[in-house]
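A.B. asks: Each of the two chains sits in its own frame; use the hints to bring them together as a complex.
Residue-level listing of the chains:
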Amino acid sequence: MRGHLPAPHHGRMDPAPALYTIRINGHLGAMMLSAFPAMSPHHHGAHTVLTGRLDRSALYGVLAEIDALGLDLIEVRQLERDRESPGSGDNCSL
Amino acid sequence: MQVQRDQQDAQQFWLALLGAVRRASGTTSGAEPSAVTPEFNGRAMVDRVLSELEDHPGRGVLVIDDLHELHSRDALAQLTRLLTNLPPNAHAVLATRRDLRLRLHQLRLAGELAEIRAEDLRFTERETRELLDASGIDLSEAGAALLHQRTEGWAAGLRLAAISLAGHPDPERFVAEFSGSERIVAEYLLAEMLERQPEDVQQVLLRTSLLDRVNGELADLLTGRQGSERILLSLEDANAFVVSLDPERTWFRYHHLFGDLLRLELRRMLPEQVPVLHRRAAEWFVQHGQAADAIRHTQEAGDWPDAARLLADHSFSLTMDGQAQTVRALLRAFPPGADYPELALIRAGRNLARGRLDEAAAYLAVAEAYAETTPPDRQRRLRVAIASLKLSLAARRGHLAGVTEQARFLASPVTGQSDEDIALSNDLRAVALMNLGTVEASLGLSDAERHLREGAVLARKIGRPYLEVRCLVQLGFASKIRPFATVQRRCREAIALAERYGWGAEPMTAPALITLASTMVWTGEFDQAERWLQRAMRALQADTGTDIRLLVHIVNGMLRACRGNHHEALQEFSAAEHLGSQLADSHALAGQVTGWLLAAQARLGMPGEARAAIAALADARVGSGEIQNARAAICLAERDPAGALGALRDVLDGTAPVVGYVTAVEAQLLAGLAYRELGDLRAGNQAAERALALAESDRLVLPFAMTGSRELLEALPRHETAHAALLADILDALRGSAPAVEDQTPPPDAEELSPGELRVLRYLPTNLSRPEIAGELSVSPNTVSTHIRSIYAKLGVRDRSSAVQRARELQLLSADRAH
Chain A
1 MRGHLPAPHH GRMDPAPALY TIRINGHLGA MMLSAFPAMS PHHHGAHTVL TGRLDRSALY
61 GVLAEIDALG LDLIEVRQLE RDRESPGSGD NCSL
Chain Y
1001 MQVQRDQQDA QQFWLALLGA VRRASGTTSG AEPSAVTPEF NGRAMVDRVL SELEDHPGRG
1061 VLVIDDLHEL HSRDALAQLT RLLTNLPPNA HAVLATRRDL RLRLHQLRLA GELAEIRAED
1121 LRFTERETRE LLDASGIDLS EAGAALLHQR TEGWAAGLRL AAISLAGHPD PERFVAEFSG
1181 SERIVAEYLL AEMLERQPED VQQVLLRTSL LDRVNGELAD LLTGRQGSER ILLSLEDANA
1241 FVVSLDPERT WFRYHHLFGD LLRLELRRML PEQVPVLHRR AAEWFVQHGQ AADAIRHTQE
1301 AGDWPDAARL LADHSFSLTM DGQAQTVRAL LRAFPPGADY PELALIRAGR NLARGRLDEA
1361 AAYLAVAEAY AETTPPDRQR RLRVAIASLK LSLAARRGHL AGVTEQARFL ASPVTGQSDE
1421 DIALSNDLRA VALMNLGTVE ASLGLSDAER HLREGAVLAR KIGRPYLEVR CLVQLGFASK
1481 IRPFATVQRR CREAIALAER YGWGAEPMTA PALITLASTM VWTGEFDQAE RWLQRAMRAL
1541 QADTGTDIRL LVHIVNGMLR ACRGNHHEAL QEFSAAEHLG SQLADSHALA GQVTGWLLAA
1601 QARLGMPGEA RAAIAALADA RVGSGEIQNA RAAICLAERD PAGALGALRD VLDGTAPVVG
1661 YVTAVEAQLL AGLAYRELGD LRAGNQAAER ALALAESDRL VLPFAMTGSR ELLEALPRHE
1721 TAHAALLADI LDALRGSAPA VEDQTPPPDA EELSPGELRV LRYLPTNLSR PEIAGELSVS
1781 PNTVSTHIRS IYAKLGVRDR SSAVQRAREL QLLSADRAH
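Chains A and Y supply the protein sequences, listed in that same order.
With the numbering used here, the residue at position 70 of the first sequence is 70, and numbering never jumps.
With the numbering used here, the residue at position 657 of the second sequence is 1657, and numbering never jumps.
Bear in mind the hints are in silico, worked out from the structure with no lab data behind them.
A quick note: this is a predicted structure, and the numbers were derived from the prediction, not measured.
The reader is advised that the hints may include incorrect statements.
For the chain Y half of the interface with chain A, some residues (derived, Cβ under 7 Å), not all of them [said to hold, decoys possible]:
no., residue
1, E1177
2, R1183
3, L1257
4, R1268
5, M1269
6, L1270
7, E1272
8, E1711
Stretch by stretch, here's where chain Y covers chain A in the computed footprint (C-beta under 8 Å, at least three residues) [to be verified]:
no., region
9, 28-37
10, 65-71
The beta-carbon is built from N, C-alpha and C at its ideal position, and this holds for glycine as well.
The shape of chain Y in the complex, shown without the other chains (with noise of 0.2 Å):
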């Protein structure tokens, strides 16, 4: 694969050497999935290469052409993984004109690289004569050594002469004047090969110098004449640095040298053309629907407040098509200091994507104002763009009113009839479609999963796997009301369509991994629950959505307690409330959760605080049967089986408004346990009866676990249920499950952290990605993972703000310590 110029788009050149890898192995076929996501996770595509070169049949060559074109430091780190990880019958080949920031010195060591440097790559003179024999050329033995000489072997130099030889009148007097000159020796010969061309082929190499690829069409456009493709045939064929890009031979490009030193005489010879060129160009990429490349020409020709336009108009679709980092790159193109309305969009979804909240609303109120300064068409398209991006807030921040809102207005009909309006609001509508979707699911809307199934289709429709993907995800996330086993299905096929596009360890794939372990945790399933939620938990490794985060808390916590490590179950639950409370809306979990969180407090033999806490709760959840399930929690934990009878009257007739009927099946058990504490065994089996009666058609198994029913269950006669098989199964469950040993210390003092944590730990508060703390510290970002896994086993914690919280508590943040 051929690197492209000034490459700053990890994502970028991955899709291109794993299109490379496949096309080599033979592994594309029409079907063959694109792996394109707006959210790039660079170590699930080096896996992805790895394995391809891994079922590639037979020894391989993966051959990267122009390596010092890459400026992407995250690519690099990733390349090191991919070379220091090659399977045996893959190798590598790098061609590079610099050494570069990868990291091989183990392979060095293992004596598994060879470095072809400058001095093994001239030629011989031998080779020199070789070569001009091959190209025709007949020049004289002492001709053909001073010629060698002069270009001190340089391969691509003596391919420049052989050009201007070609054909020449007097060879040898060509060598004596060029070896009578001082110039350098690309400019002596690329000026005479270009003073030798007829001047219809002078103009399309000096005009189409500026195209990083060129065709035909386009060098016609740029010289406004006919017939360029025909020059730029036999310029390839003459072997004269044009080389074509595909096998239909109607793209090309330059050797990069040769196009930089014809870059600089068009600069030289035709200075006010320049900008005219960019400009024709880019109207000609905005034509053919290729934004990158006509935004970047916008910007070459000056053209600044055009350039900012057509990013805005293009930003969102350029990072569906994976094209993120090139926009970054874009906007980081314009001159600092000027700050454009246009660009205010692109700046809110840049930082709705990291997250920052606040942030991307004040963009959008930018955005929002510039666009009503805009002549109405692309005022629609603004707009649009806009509804789309608040969408996506609303739905980060749980505010339904502002979803439907935004949702209803994208709903609208199409004004603007251009294909590419159709297009871009298509995108929009299957984003709007999932966001709208995702929003209701979050609070248990019936409408969640009908938006998510159309917006499925509809990107179905539009070839956006990725949106597929995603609104599937989320509708297996939707289902919670469903039976299991629908749950489960919709989960698994959501799961293996991600599979099928390798995101089954994305962000994006975890609501449906987490789904699926919540279901296993209901239905008692807890080691496959336990494998299932480390997957999310893997997959949700960069810092995500309050949302997602809030639920592998409440999932976790709901193991935890079923396992009766009550302890866990309390820090989960906490955390889950914590950042329910950073949610706009209550989640549709909320009371369950705070009834879960209650009952643990209880069980650890902290009934006080736990009705400290319902004091403190609003007066509309007090009664509701999730913490009256509590309050007959706490009660059991005061030895007061009376009190908590009376707790859970409510509950037990049905009047207690309750998220599920799971609250129902809680508070026949703890009903039961109270009997039993009574002594009335007789009442106690029949309220075990009752849940089971309940518990049946899902055959639930987790209000059993947390409850702790075992021995409650273990005494119902079996001749005395109606329930046998599902009694056996729970029964089972709560066995198998048995908590190793209660762990009720708090966590021991942190160990003590090495420097390189601590100084990853001060930026650990801050609004940094990995990938950023790893710039700013200068080293790679799997660094910076390995030292963040390491701090969060030290401290005793799962995530980043519990570390940040954690370290604060332990005063590892204050700055005499952070050194």
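Isolated chain A (complex conformation) (with noise of 0.2 Å):
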């Protein structure tokens, strides 16, 4: 609950949740990926890959805890917007 600062809105209203990759530098043990509970973790190479469907705001809450844990954060990435009402898209989780 770090980021209580509203993120710049530009006018528009939240997107709706959409699916994202973080990329993480190192290998992220338990006790760190317990600071992620909504995105499924795996390793690829050396680097740890979390996927979830976040809105801007779970978005931003991710990003602040990377922030406050040190993480090397090393890309985020958007792989589709849900079209539908937030909710119906929970067969493309992982």
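C.D. replies: Spelled out as structure tokens, the structure:
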């Protein structure tokens, strides 16, 4: 619950949740992973890739956690935007 | 100084910083006044820190650690101001995990900013070697190189590794395994370190990780064992990311990253224990009177109704302790949507503080309904808090009946007997006395002085200098009917005490500043009055209560009228009338203001308007001395001296009710002017002499200046007056105050506002404060203040409400112009 400052909105509504992959340098163990209960992890070479469906505030929450834990963030990528109503695309999560 | 974890309270940040600077300068003594007020003035605080730094003997280095934990936009803006205005003997070092919103480009351009980034902080291989040697770790050259490579020279990682390596049976193997792992450095090393600790040490580390600071007693409580203090001490000695916070080494904290990781581990290993531990910690903090921590842990435990109850019980004392923003942060931490009736009391207080009186009243009604559902002991406490808020509300509305009713309730004896109850009721009683006295004073009641004096004495006894200053300020303000010398002495005393605590420029000191200015207008010290009034207006930059703004307009109007600027005087008196009409009860000076307003109209050549205004007055006011005097001024403006004398008859013979004897002085002078107009110089001189006789004891100058009696006095032969000294003084004051050119033209069309100013202008009709407008527009509060000053200047107004009015007239607020 850090990052209490509102994210910039540019006059748009918070978009629907989308699938994100977040790549972090190094292998996160059980301790570190417990900070990201909403993300499913897998190791990819020397990296850890976290995947999950996030809305904007959840995304910034995850990024704030990465920052707080001093993790080495490599990449954030949006895979696809959920075009239907939130909650109807659960079949896509890993 | 060290920034507290997730610090959202600007005042707490600045108090800690001020304390650190003072300790370093050695200016802290036992008698050092605390700067705590419920109303935080960031600008004044930065000035205080700057002056402390300037006074610091020799070179000073200000180090602020963990600055990324500061989550207050205001505090960051204030810090920018501090950093860009540092005295030459002071240097600042900021340690932060990420770049912050500090606007330091000026310093950067001037080459006064050195940035040490992660790359510069990395240990070299040689430094790694030195660290290992210093820690007594025997590792091969190759092993040290491997360790350096694996940690990438990260100092904290190296220290963590050193803890595990110390006493490790096979350091080379440790480094090899570490190096072969892909796991995150911090996690790997922390897990290793933790695993190598004895079980009791592990328990202390894990279970106390959810505290921001820990002592032996608390750690024993959370582990359910004895001897935790010894463990904490030895961890600190081992340089193991535990640091003591005080010279006696009783309180400790963990390195933030270390603490975060331990907390994750605790949640993973003992998830069911987490709420239990928070609850235990909360209980300890309650017992030790540390309300903010107690509430935070109750929230963390998920016990929301309990947290709401605790916050309701403590919000008043926390606010008095200068933690208003902490209360706000705690309030924000409740889950959105869930509304606890306990919180209505706090929301009422918040709305009241921001002048939203109707909202405050609505929340108070909710709070009252809730209080009736609570058990007796708690109900008593809640009702005391509700009564105190109702009293403030009634005071803000100038509603005397409400004030006395609530005050009587608060004065009844306390039934709850815990120390906390007594402390709370003392706080509330002191505030009640202050509010009661304030309202009584504004209505001209003599009990005001007694209540304010009692309030000041109580406040001093319970160590609430803020309340003491407020009571003394109001006492100066309440002394209007005293001889001016007494009033001036009281005001100067109150201002001096306020200055001792650094509150000389705070809104709360303004009533004394204005009263002092006002006495100087009465006695003809116009230049001095102007200076004190300016100071009062600076202190009142933040929008405050109706009552005090009303007074500013009255005194300003008096000063303008004395200086012959009737146009400005009229504006000020009109503003005062308008504000006065918003008060539930009419204020003591209401009649006088109306009279002066009408006279100013007459003197500006608008006797018709003035007569129309009199016709619209309620019957009860028409016969008053002040209104009769105004009638006389109108007649004089219409060149009808006989009519003027007719209007004055009841005032001169003492049958018309008057606010004060100044009305009689004024009547004599108006009569003198009328006689002169009629060619009866002798009667004119006699009237002037009578006016002087009445004015002698207080050496009153104001009525002579306001009525424009200079020629009348100049015509009075010196040998015919028994008041030659006073006469000379008055004439000096009147000559010194000769108006510049009377400005009779209405203010010119507004100069074109800039786009930025127009954006700010659109927020002026709202309830938002300047910092809130700044938040809405994502600019600094300073920028908003600059824009507002400029808007006022361009619109030719002095305050927010007239700015809105003027902007409406000029159609600047309509949507098509507003971008």
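A.B. asks: Confirm or reject each hint.
C.D. replies: For each hint, the structure was consulted:
no. : hint  : verdict
1   : E1177 : violated (14 Å)
2   : R1183 : holds (5 Å)
3   : L1257 : holds (5 Å)
4   : R1268 : holds (5 Å)
5   : M1269 : violated (9 Å)
6   : L1270 : violated (12 Å)
7   : E1272 : violated (15 Å)
8   : E1711 : violated (66 Å)
9   : 28-37 : holds (count 7)
10  : 65-71 : holds (count 5)
Checked against the numbered hints given earlier, the structure breaks hints 1, 5, 6, 7, 8 and satisfies all the rest.
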